[in-house]
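Peer 1: Residue numbers (our numbering), protein chains in the order written: chain W, 6 to 271; chain G, 6 to 271.
It is worth saying that the hints were derived from the structure and are not from the lab.
Just so you know, same-sequence chains aren't split out, so a pair can sit in one copy or run between any two.
Within a straight-line C-alpha distance of at most 30 angstroms, the following computed DSBU-like cross-link-like pairs (lysine-lysine) qualify: (1) LYS78 with LYS198; (2) LYS198 with LYS259; (3) LYS265 with LYS88; (4) LYS265 with LYS52; (5) LYS52 with LYS120; (6) LYS73 with LYS52; (7) LYS78 with LYS88; (8) LYS259 with LYS78; (9) LYS265 with LYS78; (10) LYS88 with LYS198; (11) LYS259 with LYS73; (12) LYS120 with LYS88; (13) LYS259 with LYS52; (14) LYS198 with LYS265; (15) LYS120 with LYS198.
Number of protein chains: 2
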Amino acid sequence: MTIMCQLLGMNCATPTDITFSFSGFAERGGRTDHHADGWGIAFFEDKGCRLFIDHESAVTSPIAQLVKNYPIKSRNVIAHIRKATQGAVELENCHPFMRELWGRHWIFAHNGTLKDYNPPLNGLYQPVGTTDSEQAFCFLMQGLRARFDRQAPADLGQVFEVLLELVPGIKRHGEFNFLLSNGQGLLAHCTSKLWYVVRGWPFREAHLADMDMSIDFSQSTMPQDRVAVIATQPLTDNEEWTQFESGELILFEKGLPTRKAVTGRA
Amino acid sequence: MTIMCQLLGMNCATPTDITFSFSGFAERGGRTDHHADGWGIAFFEDKGCRLFIDHESAVTSPIAQLVKNYPIKSRNVIAHIRKATQGAVELENCHPFMRELWGRHWIFAHNGTLKDYNPPLNGLYQPVGTTDSEQAFCFLMQGLRARFDRQAPADLGQVFEVLLELVPGIKRHGEFNFLLSNGQGLLAHCTSKLWYVVRGWPFREAHLADMDMSIDFSQSTMPQDRVAVIATQPLTDNEEWTQFESGELILFEKGLPTRKAVTGRA
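Here chain W stands alone, though its shape is the one from the complex:
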């Protein structure tokens, strides 16, 4: 078992609820793992975004209970369970973090620790809490804004290209596994540990690794459905998960990886 934070992301072709994956993931927030210093989850519904954060353990939190039982349908979800390595256990230090850029909400969660990291922030985005993670997020937002100015890029492929330039300077400071979304797709970067699985038609049964719970997705899915789930460790024990390469950045759109590259390679 890892002793750091855990990430969970979902990117889908059609609005999908994440209650099954979140149930297994939340077990790691205190029961099957050591990540009991708060948690959070963000759901995009088109441009709208719901962000739930809590400094209680994801196992005991009443808000986590709500999320497990209330099937919010979303195309992009980012969740995080925190083990405090930098920053006190305060609400303002709980991931994911949210900022607005180009009239869209952006959501970010990070796993890892950045040492001696003090990026040159110009004030357009300032951290509210004291984590290295929120500093990195503010720096990425600032960098994206600087590159495209007031006009949003046409698609996340262009954002992908800018991240390839911005990420190497950050990951020199330590582990930088992160998930980033603006509701149109999901960007995932790995320096040490991140996996994904793509579920598509015909769907089949999946069994959680962290608790004895199965779901037969073939009973509730349609041919146009497709779901990519990204996690620090595989959440199920009977599906084929793909491990990210070290340094790999992947853009997920409509439930599929659409762009892949390794950051910082000459």
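Got chain W sorted already, so can you dock chain G onto it with the hints?
Peer 2: Chain G in isolation, oriented as in the chain W frame:
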């Protein structure tokens, strides 16, 4: 009964839960009133902020049930029940809205309709949804940032002064009752309908106007506690509520009105 949105705010000397007031307020989201087009509530816990929004009615929403039953202790709370007058019933149009400025979250909710309102936004803050309200919020954030640049003002008294300058240009477009907070205090402005009550030691019993529910605050309070509740209509029927003057802006700090002025008076 009004046919527009309803606002609820709370500003306290010590962290206080709002479950009692919210229970009465939520009744207006579909049962005792016509505000069934979504709702939202934001709780500050020091600098951290939890924002719950939902496009279901506040009467039936599972998230509203959670908020009614989960006593989150906060010094500043802003809630809103929406009757759509401008903008579709989408999640991104649900109040309150959140933005970051000077390393703090800012929360804004508005009651009223602004007609022909297209403020000159420079791109630093852009609306995610399509409401007149979020446009006004972005304009206020832009104006505050422009006035103080990168350095946060020393206190909300300085923000109060800038709002006195910015608000008259907005309220020319229509009703502009709003609540604004950054977690340090709460600013409330009224053009048509807003009331407040201050509860202090010794506390006594309060009875909700919208449902037969009472609470004896003297059983659970201490001498240092003090709570200001601000609402579109008085929430209780056995307390003395003070009505805002038309155009009045009030700053609440530690459960008390500390600054009052009328906007747009020469």
